Amino acid sequence: MTANGARTAGLLDRTRVVLEEALFAYRGGPYESRLRTVRERLDAPLRVAIAGRVKAGKSTLLNALIGERLAPTDAGECTRIVTWYQDGHSYRVTLRPHEGAPRQARFTREDNALEIDLGGLSHEEVAELEVQWPSQTLRTATLVDTPGVGSLRAEISRRTWELLAPDDEDTPADAVIYLMRHAHRDDLNFLRAFHDRQVAAPNPVNAIGVLSRADEIGGGRLDTLASATRIAARMAGDINVRRLVQTVVPIAGLLAETAVTLTEAEVAHLRRVADLPVKTADDLLLSADRFRERLPELGLTSIERDALLDRFGLFGVRLGATLLRRKVAGTATELSEQLTERSGLRALQRTLDSLFFERREILKSRSALLAVDSVIRAAPGPATPRVAGLVEEIIASAHPFNELRVLASLRAGWVTGKPAVVAELERVIGGEGTAAHLRLQLPAEAGEAELMAAAAESLARWQRRAENPLTRYELSIAARVAIRSCEGVLAELHRGRS
Amino acid sequence: MTTAPTVTATAPGELLTLGLRACTAYGRADLTRRLTAAQRTLDDPSIHVVVAGEFKQGKSSLVNALVGATVCPVDDDVATATPTYVRHGEKHRAALIINDDPPRREDVPVDQVRRHITEHRDTGDEAGTAVGVEIRLPRKILERGMVLVDTPGVGGLGSTHAAASLAAISMADAVIFVTSAAQELTESEVRFLRRARAACDTVICLISKTDFYPAWRRIRDLNEAHLRRAGLALPVLTASSVLRMHAVKAGARDLNVESGFADVVGFVSGRVGGGAEQRLAEHVRDEVLAVCDQLVATFTAERTALLDPAAGQRIVAELGETKQRVEALKTSMARWQQTLSDGIADLTSDVDHDLRARMREVTREADDSIDESDPADTWPEMQTWLRARIAHELVANYELLRVRAGEIGESVGEHFRAASDGLLGAIGVHSPEPVLDRTTLDHKVDLEKMKLRKQAMVALKSAYGGTLMFTMLASMAGIVLGPIGLGIGLVMGRKGLREEKKREEKARQQQARNAMRRYCDEVTFVVGKDSRDTLRQIHRRLRDHYTGLAEELGRSNAAALAGAEEAARRSRTDREARVRDLDAELKRLATLQSRARPS
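Protein chains in written order, with this note's numbering: chain A, 1428 to 1925; chain B, 17 to 615.
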């Protein structure tokens, strides 16, 4: 990772130079403050938006990622204001109204979730909320919770569109986690609008799809998550989805949120269900209503039962009780571990690491360059050709951008070849993550010598492909990018050794 | 399951038997045919209940739960792709409905159904492939002609499937809109419901999966509020297919109540089935009454002539005149005939013009959007969009056809009635006692209108061979929107990147425009032919129907004329005996009439 950072640090520096040029060209003008914000962002954590249709489970996922129940969640549509969650030294909520200066808002934390006092303003009058919260996760990335699209309350949908796909501005997020329940038409529209058109549109480089509410897919059968994994894999292979997101992973959001915030009391309550004879337990868990009302001798009050359903869902109660009964997990820690793994949260975190966080420099540089580009186009001036030339130079020549472009072209089906070759190409250019072992398809614990050998072998293979006169034109250009990628891996390994 | 309360004193089946007996006794084969047709409708009423909704809301599960067997495949991932018609049969059987001309059925093993319903995902089926699957099953709920139609998920209001569902709904007797308790109704669901409600009178909103979502009561309240706000007064039911299946398996009555299916079944067999049954009963009553009217008029004419030989002369003369008018009704010069031919000709050209105007608009929009984007990026979405957009225009075009065909049926019926009115009733004026109480007719005007319109609807339904609109849309889907060569050069290095991109983009846009135009032309051609054929069928059907009526009138008139002429030749005693006979017959018919008339 450090080596990787060194490799892309040059990119950030070059981007900074372009920004300085642009700032100089537009100083004193209406765009100066916007460019300044862009420059500041280069040094801030990666901004990841969580988007999707209404009720896709965005807030729940955000809580699971942070590991705290911060964002309020509810059965009805709940999130109505775009909310930024970022790391800080103190706990603070800032409110940005449409009119007037930002101000600090009072908040309470009842029942865990934040309750923010809008200070007499209505939802419509507030543009954004900014929550500052000391947290490990937020140190790596600033998370943005958005209201869903497709809401019957049109205002709510419009807000999300404005944030992620403004008509006239760059999007303020560097990357997006897109929650989908199915390849719905609204989803595709939304993703299309989110992706830019300039660098290589539409672009799967900064988006991953999450098949959310995975626990609901099979009506709550215990093998539901296996089914969800299969569906996610199928969706990730779908040509229309592939050109919009890098990959699709399943997650049972509610289960994940509960798993990372599990309490001893909850486990004790679950154990009562686990201790019932199997037949009785199955009968009790046939429906949510039954669990709520039947079997008074269970020894749980109706408030406790409602709380369990609220936290776990019917599927979670079934799964949790089964894990306890079968002694797969005994303590709260073990159960939390099991549920975190089974909810798909771990897999999602790994995917985020390799696709977003390890690439944060290039993603940030990319959105900064796009922002500069949009300013140039909105307000052409005497310095425009110069700045535009600089932007294009970086985009066209920086190797990481070439990798992204090849990746996008592969995904769009422009570069074709034998399936095995295309799959290898995608890996080598970092399609599954930029770490050396991922590029070379080796296990994470592979030794340096093994990596070196594999990289050298891969380099030779791609050189042959690039020079083979029978290789198609597009593929041979892509092969040249792959050669650079292999060389990069080798250089890193050498640097690490010396 | 009990039948909805009937207003008739006599069951429609019994009425028909009595009417048929009378027709046979009086040797009127033409009237027998008419009642036999009514008998057929009564025996196989085909009440279509369309189950619609978004993807993965549990539509197939609902159909399965209703019949208590897994007839529609349910899968975590793969969704229903072909409409499935579940109807009554002696044995569990399955057949594919093949999109041929005319559509035909092909038997398939029951265990193969899954493959056919889910196989062709998003592919444009070529002609000759299955456009529907028909499953027959011995079930009490289906016994009285109920057909449950499981449809593919609508996938947003703009999709092709949504257009197909809406078209199916326009011919349905009832619609069950399924939305799961996982979330509130979304914007596109409400828009779909609004259009469904406009196309069909009986629509309910069913919230499914109540076993799994603890907050289903809140979702129900929220949905009711959304519907109120949207001005949609629909009944909202809640149900759990999972619990119902458990209940069926275990034979547990309390679990069945818990599943909420008691209400759903009540709605389907009560309100939908009952309503349809009532309409059928009315239809049968009207047919029997019409037959009685003709017989009574015939006998009354003869009786009048028998009682008063002087009047006999006049009656014979009048009947002779009537004969000519009836003959005139049958010729192509008759006003109703002209209304029909002109109406169909006008409608054919209007529908064609409407279709072209719509397609021109689509082409224009598509041109604009091709200009704005690079087909290399947008072509797949563009194809989907184009298909769905066209599907919607086709449905709107077809709506025009449907509504206007109904109007034609109505005005043709009115003209026919105006021309035929009094033809036999005139005889009644001269009869000693009024045989037909005409005062009841006034408040039945609206009902009459509906009946007149019905002829055209029946013609439409039969034109689509029972597979509703899906066939038409399938024939559209059969047209291939050719792929365009992408010709993307993966250009590296900084020089000329932008210029090269521009040049290639222009070439692709031109290709895309051509492909799109060809496609639109082809669709216009195929669909244009389709509507012309449909209209021709409607024309033929309406003409045959009213010509048949004119012939009945002719035969009734001829019988009356023969009776009246015969009367003059009879001896006195013979005459008295015949009057007695006729009185007895008329009394019998009066009994039948009073039984057929709603009490």
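Wrong hints could be hidden among the right ones.
Listed next, the in silico DSBU-like pairs over lysine-lysine satisfying Cα-Cα at most 35 Å (straight line) [to be verified]: (1) K522/B x K1754/A; (2) K265/B x K72/B; (3) K1706/A x K72/B; (4) K545/B x K603/B; (5) K107/B x K156/B; (6) K1706/A x K265/B; (7) K72/B x K107/B; (8) K1706/A x K156/B; (9) K518/B x K1845/A; (10) K265/B x K107/B; (11) K1845/A x K265/B.
Over 12 Å on every C-beta distance to chain B, these chain A residues come out as not near it, computed from the model [stated by the list, open to error]: (12) L1439; (13) E1448; (14) L1548; (15) G1647; (16) R1717; (17) L1722; (18) L1865.
In short, the hints are calculated from the structure, not lab data.
The model shown is predicted, which means the values in this text are computed figures rather than measured ones.
Just so you know, even glycine gets a beta-carbon here, dropped at the ideal spot from N, CA and C.
Okay, the hints, checked on the actual structure:
no.	hint	in the structure
1	K522/B x K1754/A	violated, 65 Å
2	K265/B x K72/B	holds, 24 Å
3	K1706/A x K72/B	holds, 29 Å
4	K545/B x K603/B	violated, 54 Å
5	K107/B x K156/B	holds, 13 Å
6	K1706/A x K265/B	holds, 16 Å
7	K72/B x K107/B	holds, 29 Å
8	K1706/A x K156/B	holds, 32 Å
9	K518/B x K1845/A	holds, 29 Å
10	K265/B x K107/B	holds, 20 Å
11	K1845/A x K265/B	violated, 51 Å
12	L1439	holds, 20 Å
13	E1448	holds, 17 Å
14	L1548	holds, 24 Å
15	G1647	violated, 5 Å
16	R1717	violated, 8 Å
17	L1722	holds, 15 Å
18	L1865	holds, 23 Å
In the structure shown, a violation is registered for the earlier hints numbered 1, 4, 11, 15 and 16, in ascending order.
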